[in-house]
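A.B. asks: Sequence:
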Amino acid sequence: MMDLITEQFIFWLESIVEDDPIPYEIQYVSFVYTKINSSFVLCVGGNEFKPNTNNIYDYFPLEAQYFNCPNLNSIKDELYYTNLIKTCIDESFSSCILKQQFKNKLIYFGEYGKNLKFLFKVL
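In the working numbering, the protein residues as written are 17 to 139.
These are calculated hints, taken from the structure and not from any lab test. Remember, predicted model here, so these are calculated numbers, not experimental data. There could be a bad hint or two in this list.
As the list claims (entries may be wrong) - List time: in silico BS3-like cross-link candidates among lysine-lysine, alpha-carbon distance up to 30 Å: (1) Lys66 / Lys121; (2) Lys51 / Lys137; (3) Lys137 / Lys121; (4) Lys137 / Lys66; (5) Lys133 / Lys66; (6) Lys66 / Lys119; (7) Lys115 / Lys51; (8) Lys130 / Lys51; (9) Lys51 / Lys121; (10) Lys115 / Lys130; (11) Lys121 / Lys133.
Said to hold, decoys possible - Derived DEER-like restraints, expressed as beta-carbon distance ranges: (12) Asn53 / Val138: 25 to 35 Å; (13) Phe134 / Asp74: 17 to 27 Å; (14) Tyr96 / Tyr128: 15 to 25 Å; (15) Lys51 / Cys112: 27 to 37 Å; (16) Ile113 / Asn84: 12 to 22 Å; (17) Lys119 / Asp93: 26 to 36 Å; (18) Gln81 / Ser54: 15 to 25 Å.
For glycine and all other residues, C-beta sits at the position ideal for the given N, C-alpha and C.
All chains, full assembly: derive it from the sequences and hints.
C.D. replies: Next up, the structure:
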């Protein structure tokens with residue numbers, strides 16, 4: 017299941033930057049999730065300045081507002097979900113397209129309304 021989710025995740029990110037390339041001034045990219053009812057919702061956005069708990073994005077294309085992956089809809093355990101998404105984020109940057117589009121961007125991850133955790137810088 018993990019490989020399929022990762023492939024869908026990579027496709028999602030590549031589609032976003034193909035349609036709406038990340039502006040040069042965006043230095044911070046945040047993957048943010050929230051729990052709505054019994055499901056998790058994941059989005060990605062970018063900022064010129066270090067992200068904060070308000071998560072207001074300077075770069076937030078429509079496609080980036082929801083990662084639609086049916087395999088994730090059945091996950092109820094938050095720790096399992098966050099570990100799975102972190103792994104997807106890590107593995108997605110093996111894509112040459114994403115390495116190029118996100119070059120020198122600082123990647124963050126966390127729950128909406130809470131402090132985001134720095135993961136890595138795309139080299």
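A.B. asks: Is the hinted range of 17 to 27 Å satisfied by the C-beta distance from Phe134 to Asp74?
C.D. replies: Holds: the Cβ-Cβ distance is about 18 Å, inside 17 to 27 Å.
A.B. asks: Hey, Lys133 versus Lys66, does the alpha-carbon distance stay inside 30 Å?
C.D. replies: Holds. Lys133 to Lys66 sits at ~11 Å (cutoff 30 Å).
A.B. asks: Keeping to a limit of 30 Å between CA atoms, is the pair of Lys51 and Lys137 held or broken?
C.D. replies: holds, 27 Å
A.B. asks: Is Lys66 within 30 Å of Lys119, Cα to Cα?
C.D. replies: holds, 16 Å
A.B. asks: Starting from the range 15 to 25 Å, see whether the pair Tyr96 and Tyr128 falls in it by beta-carbon distance.
C.D. replies: holds, 18 Å
A.B. asks: Check the hint pairing Lys115 with Lys130 against an upper bound of 30 Å on the C-alpha distance.
C.D. replies: Given pair Lys115, Lys130 holds - Cα atoms ~27 Å apart, limit 30 Å.
A.B. asks: Is the hinted pair Lys137 and Lys121 satisfied, with a Cα-Cα distance of at most 30 Å?
C.D. replies: holds, 6 Å
A.B. asks: Between Lys137 and Lys66, is the straight-line Cα distance small enough, at 30 Å or below?
C.D. replies: Roughly 13 Å between the alpha carbons, so the hint for Lys137 and Lys66 holds.
A.B. asks: Does the beta carbon distance between Lys119 and Asp93 stay inside 26 to 36 Å, or does it fall outside?
C.D. replies: holds, 34 Å
A.B. asks: Does the alpha-carbon distance linking Lys51 and Lys121 stay inside the 30 Å limit?
C.D. replies: holds, 26 Å
A.B. asks: Run the distance test for Lys130 versus Lys51: straight-line Cα separation, threshold 30 Å.
C.D. replies: OK: Lys130 and Lys51 at ~13 Å, within 30 Å.
A.B. asks: Does the Cβ distance between Lys51 and Cys112 fall inside 27 to 37 Å?
C.D. replies: holds, 33 Å
Hint compliance for this structure: no hint is broken.
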